[in-house]
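Asks: For the record, the sequence lines run as chains A and B.
Be aware that the first sequence starts at 8, since it is given in the working numbering, and climbs by one per residue.
Be aware that the second sequence starts at 8, since it is given in the working numbering, and climbs by one per residue.
Everything hinted at is true.
Copies of the same chain look alike in the list, so a pair counts if it works inside one copy or between any two.
In silico lysine-lysine, DSSO-like type, Cα no more than 30 Å apart, as pairs: (1) K120 with K91; (2) K54 with K116; (3) K120 with K54; (4) K324 with K231; (5) K31 with K91; (6) K310 with K255; (7) K324 with K224; (8) K324 with K309.
In short, the hints are calculated from the structure, not lab data.
Protein chains: 2
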Amino acid sequence: VRVIGLISGTSSDGVDAALVDIQKRAGRCRIELISFDVYPYPGSVRKKLIDLASGLPQPVAHLCHLNFYIGELFAEAARRIARKARIPLDEIALIGSHGQTVQHLPMPKWEGKRPVRSTLQIGEPSVIAERTGITTVADFRPRDMAAGGEGAPLTPYLHYLLFSHPKRSRAIVNIGGISNVTYLKAGASLEETVAFDMGPGNMLIDGLVLAVTGGRKEIDTGGKMARRGKVDAALLSELMRHPFIHRKPPKSTGREVFGLPMVTSILQSSQARRLPPEDLIATATVFTAFAISENIRRFIVKKGALQEVIVGGGGVKNPVLMASLAERLAPIPVQPFESVGHESRAIEAMTFALLGYQTFHLQPTNIPTVTGARRPVLLGKIIPGNFPQSK
Amino acid sequence: VRVIGLISGTSSDGVDAALVDIQKRAGRCRIELISFDVYPYPGSVRKKLIDLASGLPQPVAHLCHLNFYIGELFAEAARRIARKARIPLDEIALIGSHGQTVQHLPMPKWEGKRPVRSTLQIGEPSVIAERTGITTVADFRPRDMAAGGEGAPLTPYLHYLLFSHPKRSRAIVNIGGISNVTYLKAGASLEETVAFDMGPGNMLIDGLVLAVTGGRKEIDTGGKMARRGKVDAALLSELMRHPFIHRKPPKSTGREVFGLPMVTSILQSSQARRLPPEDLIATATVFTAFAISENIRRFIVKKGALQEVIVGGGGVKNPVLMASLAERLAPIPVQPFESVGHESRAIEAMTFALLGYQTFHLQPTNIPTVTGARRPVLLGKIIPGNFPQSK
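Excised from the complex, chain A in its bound form:
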């Protein structure tokens, strides 16, 4: 069957849409990408999203409105990816929509004796179901958190399906806004999968680029700024001490840690020492590579074999970041998803197509060893599409 997966990542730049074909044989799914695209948000939306995640107080009415407006943009992305693939909407069985994360609070806050973890993804799925007529499964993280998990990461379920190998132990790294890793030991079962967030992906670099260029640039295209800069040893060693990097998995994080708060703190501490902007970007780039390599060394290599590291996400396009990562992980080879036949940009959207499909068929998709949940649960909420007109 054909399923559409939708997500906007922590970098809040637009809607990733993947149209996939899913087939089930002998209880095992096969998933194949038919079409993928990214539909950028209007600039005003991106700014509002960054404001929402900033921690500064916001009128609740803004959030309420944005939830529905982003639902419209998600619905439009679904219609556009179907049109691109020339597949009519009524031949699409399901949509799986992750939505847009605006908060993720996996550390419990106590209410009396009750630990409360929480997360908030917006992009109203009722709007998606209404505009497309397609049954939509959405909002995958809350149920895992209700079951005591961190609600993340969820991509390992797809990583296992695509990359697990009887003879090769692999680490699958995704460098999105945040970077995360899935460790697939050779021949291991789904339940033995290990996965966790490692720290910043592109978020910290992007945040600093935006700040030092006064908003003129949003990313360090091709790693050009980092290449011109010099790594500042004092700042780097300060960053390297960040407790999240050294915390044992399972763990997950987001923009509230490695977004504006960290950008602001780096700018403040560097101002006194008059570090050139390029040096800040160079240092943040090496720190990002460190966050990834250090987590792999301490929490994966120490525990088992590792034949290769396969990297996906926007970070793959930053050659300075990739070179620093390869150097730090040598002699373990580091290669992009494309080298094993998959489009790395599409992985997250494909994940939510698969998770939507599985929930609709009453199959749990959280991996308790990965999220820390007490048990496997059905993720997401089901919003029926067009109903058969009643009499």
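Since the structure of chain A is provided, determine the placement of chain B on it from the hints.
Replies: Positioned in the frame of chain A, the structure of chain B alone reads:
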């Protein structure tokens, strides 16, 4: 089958829980109340909810956390009503949860050429499904709004089932935080039902009581303060001009109109004239009765027969309000729900039990003539309970 309905109304005082029995015969539902109770929120929660609805900026993290914490309180209410009725959770087929409204913005805000209406109910249903193991249908308003409706009112669907009569034309009034009415013309079909919000219910009176007593009292118990006060003609005629009262249905409103903003404006305009607190309460009470009677006169009586007005909701317990209403509507008799055999406090919670049941069975429950939606749609999101453990 047994179904639990949960809601916390705009007065944000606690969770209403109704356990009902629903039977379907020849396509028509019968619903019977087994047990009902209200489980008050902790005081800290009520304060946070009023802050959220106040319009003042709030950290998004507070909302994110509160959504999950209120989900816990809703789950607890479900467990408690089942225990009260001595029915084990695994004999309960479904939960229908409305959640707690924090914003309702039915007037479209334009994004380019796109009108965006929005609403926000919290009380994470994934938590309810996880804690109870019962499949939960929740968040009923967004789909109707996605279909161009106001997302409210939704109780008319149950009103029709319980109160429609072949020979008598009835107006069903609910005085909750907001007051609304359902007009059931004798012998009319569901599609001919007319219903809309009329203005403040208890919200304005409660808000003023809280303010003038410095927080010592939350409601005017038994209408005692109103009875001691004198209606101020100048203030009353100013209030009577409120445009919402005179707007043609369909229409819906909430705390953002008749909550803190109106309380603040009344206090400011009365301060200069040194009106005694009791006079403010007396005036607000008569204004509330006016909002109801004026809407019934202009938008119901002018259009059709009306044999009786049946009133439910917390407002029934305020004899000053009820007397003012009866006087304004005479000679049409005004009587409480109880006089026709139904517990008025339970109506809203029963509504969401019924709506959850119908959505689960793929029956639309919005009434387009009531909400203004373009078509009947399936309301809500389905969150599966315990899944049959996979192999």
